[in-house]
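With the hints as constraints, model all of the structure from the sequences given.
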Amino acid sequence: MALSPPTVAAAHPAAGRIPLLGLLHEWVVTVDHKRLGLMYIGSGLLFFVVAGLEATILRLQLAVPGNALVPPQTFNQLMTLHGTTMVFFVGMPILLGFANYLVPLMIGARDMAFPRLNAFSFWMSLFGGLLLYSSLLAAEGLYGGSAAPDVGWFAYAPLTSRAFSRGNSTDYWNLALLVSGIGSIGTAINLIATTLCLRCRGMTLAKMPLYVWINFVVASLILVAISPLTAAQIMLLLDRFLGAHFFDTQAGGSAVLWQHFFWIFGHPEVYVLMLPGFAFASEIIPVFSRKVIFGYPVMVAATVSIAFIGLSVWAHHMFVVGMAPAANSFFAISTMLVAVPTGIKIFNWIATMWGGKIRFATPMLFCTAFLFQFLCAGLTGIMLACAPFDWQLSDSYFVVAHFHYVLVGSLLFTIFGAIYYWFPKATGRLLDETLGRWHFWLLVIGFNLTFLPQHFAGLAGMPRRIYTYEAGRGFEIWNQISSTGVIFQAAAIGCFLVNVARALFRGPPAGDDPWDGWTLEWSTTSPPPAYNFETPPEVRSRRPLWDQKHPGDPDWRYE
Amino acid sequence: MSAATLPLAPEWRLPDRGRVGILGLIVAESAIFTIFVVAYLYYLGKSLAGPTPREVLHLPVLVSILLWSSSATVHLAVRALRAAKLQSFTRWWFLTIVLGSLFLAGTGREWYRLITEEGLTIRTNLFGTTFYSLVGLHASHVIVGLVMLTTVFLLALGGHVKATHAGRAEVLSLYWHFVDAVWVVVFTVVYVVGR
Numbered sequence: 001m002a003l004s005p006p007t008v009a010a011a012h013p014a015a016g017r018i019p020l021l022g023l024l025h026e027w028v029v030t031v032d033h034k035r036l037g038l039m040y041i042g043s044g045l046l047f048f049v050v051a052g053l054e055a056t057i058l059r060l061q062l063a064v065p066g067n068a069l070v071p072p073q074t075f076n077q078l079m080t081l082h083g084t085t086m087v088f089f090v091g092m093p094i095l096l097g098f099a100n101y102l103v104p105l106m107i108g109a110r111d112m113a114f115p116r117l118n119a120f121s122f123w124m125s126l127f128g129g130l131l132l133y134s135s136l137l138a139a140e141g142l143y144g145g146s147a148a149p150d151v152g153w154f155a156y157a158p159l160t161s162r163a164f165s166r167g168n169s170t171d172y173w174n175l176a177l178l179v180s181g182i183g184s185i186g187t188a189i190n191l192i193a194t195t196l197c198l199r200c201r202g203m204t205l206a207k208m209p210l211y212v213w214i215n216f217v218v219a220s221l222i223l224v225a226i227s228p229l230t231a232a233q234i235m236l237l238l239d240r241f242l243g244a245h246f247f248d249t250q251a252g253g254s255a256v257l258w259q260h261f262f263w264i265f266g267h268p269e270v271y272v273l274m275l276p277g278f279a280f281a282s283e284i285i286p287v288f289s290r291k292v293i294f295g296y297p298v299m300v301a302a303t304v305s306i307a308f309i310g311l312s313v314w315a316h317h318m319f320v321v322g323m324a325p326a327a328n329s330f331f332a333i334s335t336m337l338v339a340v341p342t343g344i345k346i347f348n349w350i351a352t353m354w355g356g357k358i359r360f361a362t363p364m365l366f367c368t369a370f371l372f373q374f375l376c377a378g379l380t381g382i383m384l385a386c387a388p389f390d391w392q393l394s395d396s397y398f399v400v401a402h403f404h405y406v407l408v409g410s411l412l413f414t415i416f417g418a419i420y421y422w423f424p425k426a427t428g429r430l431l432d433e434t435l436g437r438w439h440f441w442l443l444v445i446g447f448n449l450t451f452l453p454q455h456f457a458g459l460a461g462m463p464r465r466i467y468t469y470e471a472g473r474g475f476e477i478w479n480q481i482s483s484t485g486v487i488f489q490a491a492a493i494g495c496f497l498v499n500v501a502r503a504l505f506r507g508p509p510a511g512d513d514p515w516d517g518w519t520l521e522w523s524t525t526s527p528p529p530a531y532n533f534e535t536p537p538e539v540r541s542r543r544p545l546w547d548q549k550h551p552g553d554p555d556w557r558y559e
Numbered sequence: 001m002s003a004a005t006l007p008l009a010p011e012w013r014l015p016d017r018g019r020v021g022i023l024g025l026i027v028a029e030s031a032i033f034t035i036f037v038v039a040y041l042y043y044l045g046k047s048l049a050g051p052t053p054r055e056v057l058h059l060p061v062l063v064s065i066l067l068w069s070s071s072a073t074v075h076l077a078v079r080a081l082r083a084a085k086l087q088s089f090t091r092w093w094f095l096t097i098v099l100g101s102l103f104l105a106g107t108g109r110e111w112y113r114l115i116t117e118e119g120l121t122i123r124t125n126l127f128g129t130t131f132y133s134l135v136g137l138h139a140s141h142v143i144v145g146l147v148m149l150t151t152v153f154l155l156a157l158g159g160h161v162k163a164t165h166a167g168r169a170e171v172l173s174l175y176w177h178f179v180d181a182v183w184v185v186v187f188t189v190v191y192v193v194g195r
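Residue numbers (the working numbering), protein chains in the order written: chain A, 1 to 559; chain B, 1 to 195.
Worth flagging that the hints you see were computed from the coordinates, not collected in a lab.
Accuracy of the hints is not assured; some may be wrong.
[What the hints assert, rightly or not] Non-contacting residues of chain A with respect to chain B, defined by C-beta distances greater than 12 angstroms in every case (computed): (1) V28; (2) L136; (3) A188; (4) T195; (5) F247; (6) F261; (7) F294; (8) I309; (9) M323; (10) N328; (11) I382; (12) L407; (13) Q480; (14) V486; (15) R502.
[Unchecked claim] Label-pair restraints from in silico Cβ distances: (16) F127/A with G167/B: 30 to 36 angstroms; (17) T150/B with D395/A: 49 to 55 angstroms; (18) T535/A with G167/B: 22 to 28 angstroms; (19) A138/A with T34/B: 32 to 38 angstroms; (20) T150/B with F389/A: 57 to 63 angstroms; (21) A324/A with G45/B: 32 to 38 angstroms; (22) T34/B with F127/A: 42 to 48 angstroms; (23) T34/B with W27/A: 37 to 43 angstroms; (24) R123/B with V49/A: 42 to 48 angstroms; (25) T150/B with Y558/A: 52 to 58 angstroms; (26) R465/A with T150/B: 47 to 53 angstroms; (27) G106/B with R116/A: 31 to 37 angstroms.
Just so you know, even glycine gets a beta-carbon here, dropped at the ideal spot from N, CA and C.
Written out as structure tokens, the structure reads:
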């Protein structure tokens, strides 16, 4: 069109006149997968700090018995916000952000399959989070209802019915997740289409980096996992606004049905969160062990099996509901079955490290700790899969400890590993290794101080979600240690934030390939140009950069 | 030994992103419908008060046939577009919109009768709750489909739809086929099994 060049030219002086506003405008209207990915991760980290502060208040309240730092209602709200935020507005955006940033680069594409859908999905996700937090400002005073949602992150019926949840706090929870869920489904569709349709020449499915493979499986899982939550939330909306009776026990509705629907979403969601952690580890461990990943096809098969089995384990969250013995047995066995592919993965990572020339740079430190802590998480998971054991410990702090070993001890550790690993690619600057080590060790100490004792508090009978407890029940010491750990964790996060801030302005230049990596993202500049690759790359093996660096001994000879 | 000794595949063909994208959406939508269908089946016969499905529901044979035949017309339309027979495309496409609209009118008439004559609303009992939400979810998908079909139709009237757009029209037709296929399930569950 004849009009376009002048339009573009007109936009630039404006950008020059008000650089900050122009820059902001560029980021708001962008459809570039790298910028959207960074905004995803940035918004996730922002919510991470908020939800972390909420957790800090919870730990302060529980530090001593009979504490009255926050009233019970506020405790419930903080607990609900902490859980909801961490799952939907920290975990999901950070992981989808990484996938957004890395998948096109790793498959040698110039962008995602649907760039505008990508922008739409990101903004849906961000505004979902803002909607959740606007409940703090908006809902107070309406019908004397509470300000923030207080129904727990899984919002069990009938607590969410009009009779028990007056005002609009539950509706904020409901709509916020509905909106962000649509965003997640959009990004999942985008990732699937990108992976299947935009791979560079030569990159067959069997030559994709494991990161791409795992995120492809995750995206497929999102399609069938998030949608049931969307459906159940539509039902809850109908119940609350149109007087429908889905979860209304007075009219014959079933509160247990909500639990089923929620966990049909909720358990695959755990894998939606954890599998990308495996994906990070599967890229970082080989590079820092200087060996190819052990058992690539088995890793892919294990990922697919985890996703499949993960779809049929949901009711292990409901052993205490009173299901039939057949159902209890089925869900106990299917849950234990997940341990098989997961165990295979752990062995493969160890086998990758075995005999390698391991470099313990910060990303590798985080991945090594992940292996240990994830093993603990897996073992307590198998313990809880035994239905009789679960009857004893369901809804106790043992469960809280278990899933924090998964989501913090495993997922968060791999996320930090990934940030240290790919930060140089995204910004062109290296993070400081010394501060990175402080960050790592403080977090290892703090995390284990906080969550290891919670196993014992749970075994001693401490229920979860209580806002306080009596003295003399044997809970005090564990809670005190647990709360002390927060200091170390906060210090660790402080180191991290200082490290990022310093590196952004004064970090040493990273170069294109600081870790001597093997996947395609390291072949372009740091940060990559808007179009990623000047000429579309061609690939002959799973480690295209190895082939390029070692033309005499390329990988494709052995694959 | 250079890397070039391993020849790359001479042909490098990947699936069409539009097709893959819409199939992804269809998988997600199927999961949503599954949950609603499960709720419908789970609450069958659990209503504490009447009316029951047997008392008030009639088999909507005619409108169902209209909807299902719209799958054929949209298919013929896409085929005509691929063959660059633009007039034929516009005719078949318009017929699809007419058939879809007639189906929607049928649902509207059914709901009007149920609400005004039988006194069944979404808050009457569990049957009302599950019936209106499942059929309503489907009807809302029909409406979305009709809006998209009509947009393309208006573009076609303005002469903006060419044979090169056949791939995109096919993506839309896949969504429409999905809406029709869901009706097979809803029809079976609500009007055959549930009655």
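Consistency of the hints with the structure:
1. V28: 24 angstroms, holds
2. L136: 30 angstroms, holds
3. A188: Label violated. Min Cβ-Cβ 7 angstroms, cutoff 12 angstroms.
4. T195: 9 angstroms, violated
5. F247: 10 angstroms, violated
6. F261: With a cut-off of 12 angstroms, F261/A comes too close to chain B, as the shortest Cβ separation is near 6 angstroms.
7. F294: Given a closest Cβ separation of 24 angstroms, the condition holds.
8. I309: 18 angstroms, holds
9. M323: 14 angstroms, holds
10. N328: 19 angstroms, holds
11. I382: For I382/A, whose nearest Cβ neighbour in chain B is about 28 angstroms away, the distance exceeds 12 angstroms, so it holds.
12. L407: Given that every Cβ of chain B is farther than 12 angstroms from that of L407/A, nearest at about 24 angstroms, it holds.
13. Q480: 44 angstroms, holds
14. V486: It holds; V486/A is separated from chain B by about 39 angstroms at its closest Cβ, greater than 12 angstroms.
15. R502: 40 angstroms, holds
16. F127/A with G167/B: 30 to 36 angstroms: 32 angstroms, holds
17. T150/B with D395/A: 49 to 55 angstroms: Given a distance of about 52 angstroms, which is inside 49 to 55 angstroms, the answer is holds.
18. T535/A with G167/B: 22 to 28 angstroms: 27 angstroms, holds
19. A138/A with T34/B: 32 to 38 angstroms: With a Cβ separation near 34 angstroms, A138/A and T34/B satisfy 32 to 38 angstroms, so the hint holds.
20. T150/B with F389/A: 57 to 63 angstroms: This hint holds: roughly 59 angstroms between Cβ atoms.
21. A324/A with G45/B: 32 to 38 angstroms: 20 angstroms, violated
22. T34/B with F127/A: 42 to 48 angstroms: For T34/B and F127/A the Cβ distance comes to about 28 angstroms; the hint is violated.
23. T34/B with W27/A: 37 to 43 angstroms: 38 angstroms, holds
24. R123/B with V49/A: 42 to 48 angstroms: Cβ of R123/B to Cβ of V49/A: about 43 angstroms, so the range 42 to 48 angstroms holds.
25. T150/B with Y558/A: 52 to 58 angstroms: 57 angstroms, holds
26. R465/A with T150/B: 47 to 53 angstroms: Holds: the Cβ-Cβ distance is about 51 angstroms, inside 47 to 53 angstroms.
27. G106/B with R116/A: 31 to 37 angstroms: Since G106/B and R116/A have Cβ atoms about 36 angstroms apart, the given range 31 to 37 angstroms holds.
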